[in-house]
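Chemist: Here is what each chain is made of, one letter per residue.
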Amino acid sequence: MQTEYINAFGIIIGVLWRFWPVWIALILVMGASFTYKKRLGLYGQLFDSGVGIAGVFICLFWLFTAIFASTISPFDPLAQVSVMKDTLPGAIEPASKLVYYFGGDKLARDVFSRMVYGSQIVLIIAPAATGFALMVGITLGLPAGYYGGKIDTILSFLANLVLAFPVILLFYLLVTPGIMDTPIPYAMAGLFFLFPIIFFSVLFWTRFKNRPDRLYILLGITLILGGWIYVGLVFDKDPLHIVHIDPNQLNIFVAVVFASSPGVFRIVRGLTMDIKTRDYVAAAQTRGESPWYIMLWEILPNARGPLIVDACLRIGYTTILLGTLGYFGLGLAPESPDWGTAIKDASRLLRSFIHPALPPTIALMSFVLGLNLLADSLREQSMKD
Amino acid sequence: MLSFILRRLGTMALTMLCLTLIVFFLINLGPNLKKLAISQTEMHTSAEDLENWLVEHGYRQNFFVRYGQWLGVLPKQPITDPATGKPAQRFSFCNDPVEPKFSGVLQGDFGCSTKFKTTVASKLFPALGATGLLMFWVLAVMVPISLLIGILAGMREGSRTDRTLSVASIASTATPEYVSGVIFTVIFASWLGWLNGSAASASQGITFYNFTLPVMTLAIYGIGYIARMTRASMVEVMTQQYIRTARLKGLSFGSVVVKHALRNALIAPFTVIMLQFPWLLTGVVIVEVMFRYQGFGYTLVEAAGNNDIDLLLGCSLVSVFIVLITQLISDVGYAFLNPRIRVQ
Numbered sequence: 001m002q003t004e005y006i007n008a009f010g011i012i013i014g015v016l017w018r019f020w021p022v023w024i025a026l027i028l029v030m031g032a033s034f035t036y037k038k039r040l041g042l043y044g045q046l047f048d049s050g051v052g053i054a055g056v057f058i059c060l061f062w063l064f065t066a067i068f069a070s071t072i073s074p075f076d077p078l079a080q081v082s083v084m085k086d087t088l089p090g091a092i093e094p095a096s097k098l099v100y101y102f103g104g105d106k107l108a109r110d111v112f113s114r115m116v117y118g119s120q121i122v123l124i125i126a127p128a129a130t131g132f133a134l135m136v137g138i139t140l141g142l143p144a145g146y147y148g149g150k151i152d153t154i155l156s157f158l159a160n161l162v163l164a165f166p167v168i169l170l171f172y173l174l175v176t177p178g179i180m181d182t183p184i185p186y187a188m189a190g191l192f193f194l195f196p197i198i199f200f201s202v203l204f205w206t207r208f209k210n211r212p213d214r215l216y217i218l219l220g221i222t223l224i225l226g227g228w229i230y231v232g233l234v235f236d237k238d239p240l241h242i243v244h245i246d247p248n249q250l251n252i253f254v255a256v257v258f259a260s261s262p263g264v265f266r267i268v269r270g271l272t273m274d275i276k277t278r279d280y281v282a283a284a285q286t287r288g289e290s291p292w293y294i295m296l297w298e299i300l301p302n303a304r305g306p307l308i309v310d311a312c313l314r315i316g317y318t319t320i321l322l323g324t325l326g327y328f329g330l331g332l333a334p335e336s337p338d339w340g341t342a343i344k345d346a347s348r349l350l351r352s353f354i355h356p357a358l359p360p361t362i363a364l365m366s367f368v369l370g371l372n373l374l375a376d377s378l379r380e381q382s383m384k385d
Numbered sequence: 001m002l003s004f005i006l007r008r009l010g011t012m013a014l015t016m017l018c019l020t021l022i023v024f025f026l027i028n029l030g031p032n033l034k035k036l037a038i039s040q041t042e043m044h045t046s047a048e049d050l051e052n053w054l055v056e057h058g059y060r061q062n063f064f065v066r067y068g069q070w071l072g073v074l075p076k077q078p079i080t081d082p083a084t085g086k087p088a089q090r091f092s093f094c095n096d097p098v099e100p101k102f103s104g105v106l107q108g109d110f111g112c113s114t115k116f117k118t119t120v121a122s123k124l125f126p127a128l129g130a131t132g133l134l135m136f137w138v139l140a141v142m143v144p145i146s147l148l149i150g151i152l153a154g155m156r157e158g159s160r161t162d163r164t165l166s167v168a169s170i171a172s173t174a175t176p177e178y179v180s181g182v183i184f185t186v187i188f189a190s191w192l193g194w195l196n197g198s199a200a201s202a203s204q205g206i207t208f209y210n211f212t213l214p215v216m217t218l219a220i221y222g223i224g225y226i227a228r229m230t231r232a233s234m235v236e237v238m239t240q241q242y243i244r245t246a247r248l249k250g251l252s253f254g255s256v257v258v259k260h261a262l263r264n265a266l267i268a269p270f271t272v273i274m275l276q277f278p279w280l281l282t283g284v285v286i287v288e289v290m291f292r293y294q295g296f297g298y299t300l301v302e303a304a305g306n307n308d309i310d311l312l313l314g315c316s317l318v319s320v321f322i323v324l325i326t327q328l329i330s331d332v333g334y335a336f337l338n339p340r341i342r343v344q
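Top to bottom, those sequences are chains A and B. Its first residue numbered 1, the first sequence is counted upward by one per residue in this note's numbering. Its first residue numbered 1, the second sequence is counted upward by one per residue in this note's numbering.
Bound-form chain A, shown alone (with noise of 0.2 Å):
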């Protein structure tokens, strides 16, 4: 039987047509954010400059694409409908009469929908990795760059340690399917993600050491919410149900962590030997305050600006490790519809077919680009003040 195609004119109607309740989610945040942007403090500064305005709306479109991908999507990103094998961009599978926009792979799924479905997996995994890694990184670099002397020395050794690996070795050691028989995949995340449960709990104790009332909640919600998820993500073991990671995801998790935390520890520890120098510090150390308060609430607060704009760079740059991954068919599912895996099967058979490569590709680089034009402007505005 013949395939039937509609035209690109069709095609290109038929994906924004698509994407409608993305519009819809953007023209009201957008909106939102241009009427109050006053209010807003950082965030309403981006909407002064162009560039700030193309990194949110970049970002945000892929936010909403990853919340709405079973809207946006007209198949299952796994199902394959062998009559679309290989079928070029437009085809219209005959038995739904739905359009495979982008064509169909060499396993005759959508690749339009791939790619929808394949900003979920990025947009779960880069954030709450860098966030991770800025955790153990803060934890670690504020005593380092605060104290110094023997802490300083051992934990610079340990993090340039971890960045004279080629992060490509590391990925081909840490994230292959032996390891997860060994307990070392879990005994890293044991160990990471005990790091925002300390970091939370001395945060609330250092400030309210001596309003029992304000404290015993903030910390009975930090132990209970961070041992419920840490018995969930480690152990495998949550008593609900709700809290669940793959064993080979929780594995990619750990490497994309161990990689990029030894680089926040460095920004850390940096920003925290320059501003120890500060009034405000001297004085906060003559009214006698403990050190991690002086830590946690009089520079952690001041080194923000550089932080916020290192965290977008690093989730960019963690988008790319995670497609570096997939690339080389590390760690996720061979038949897992995240960009890397699908840029991998493509620029196999770039010879014949190039329509299955292009989606994805444009997408990482979309996504990536978004963030950094995030981060400039962001990097432009807190200069201003």
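Label pairs and their computed distance ranges (CB to CB):
(1) 1/B - 352/A: 57 to 63 Å
(2) 251/B - 154/A: 50 to 56 Å
(3) 159/B - 82/A: 53 to 59 Å
(4) 352/A - 57/B: 39 to 45 Å
(5) 157/B - 82/A: 57 to 63 Å
(6) 49/B - 333/A: 28 to 34 Å
(7) 183/A - 7/B: 35 to 41 Å
(8) 240/A - 102/B: 57 to 63 Å
(9) 154/A - 192/B: 54 to 60 Å
(10) 262/B - 290/A: 48 to 54 Å
(11) 71/A - 187/B: 32 to 38 Å
These aren't lab readings, by the way, just hints derived from the structure by calculation. A virtual CB, placed ideally from N, CA and C, is assigned to each residue, including glycine.
Knowing the structure of chain A, use the given hints to seat chain B on it.
Modeler: Below, chain B alone, put in the same frame as chain A:
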């Protein structure tokens, strides 16, 4: 200065020791050794025979003994041939010693590649040569272009040229090698047909036709980053008093930029270019796999995929050495180039 370099070299040796120990530990994990045994024996070997193979070839000795042997501080023992009971070569294709002998990395013996059935040295060093060639062309393209972009953008901050070039360099840092590689292949190989999408033939001899795509792909990711750093450095220099003095003396804008600004603006990019090497290393792996170029990255992937212990250790040693030595050069070079630090 000399004591600074010596101290740095000491830290470097310690780092390399720690890193090789970690790599050695990770490669010798139970599942990895089993994978190696399966790939090295006949099909459908029983679990018992796999274990026997590992014991026979010395993989079940104490971990630290084996690390010491690899390093060359403990003598390498020959294996015992089960049929005759006499000492035999561990791997016949590598001319392993029949008598106990100190033969490790410190003696210049990198061991034996089980995947390529040859010594690591005879596989690794030609591959490094091939990658060196690639790196040379990448740097030859990347450094002039990125410095030019950075200087043009930083010369007049906030101008139209500056904004256009800045956005272009942000875009290039957002394009990892596997993305630009695919896009360039689609445009230049599939669509226009100007260039070859595979660099497999480049090992016989490089031509513009087969080598441009890998070089372009590798260079584009670094160009943006170096250009941005150069721009920042250039912007800072252009606001200095001596630039204003030179302008007020009546020198033309062009000669101020070339004679006064450039020299001082190029110190920071030097450090950045040196620190780009670790990133280039990852890029090399991606590009060599994508364009099938038989270099260091390709060897690393083959070694890791087949759990080739000695080859992978050799690869990690080389890559860690490159990372650390470039850090050292960038520190020493920075002190050397910047007169304010040199005098202190």
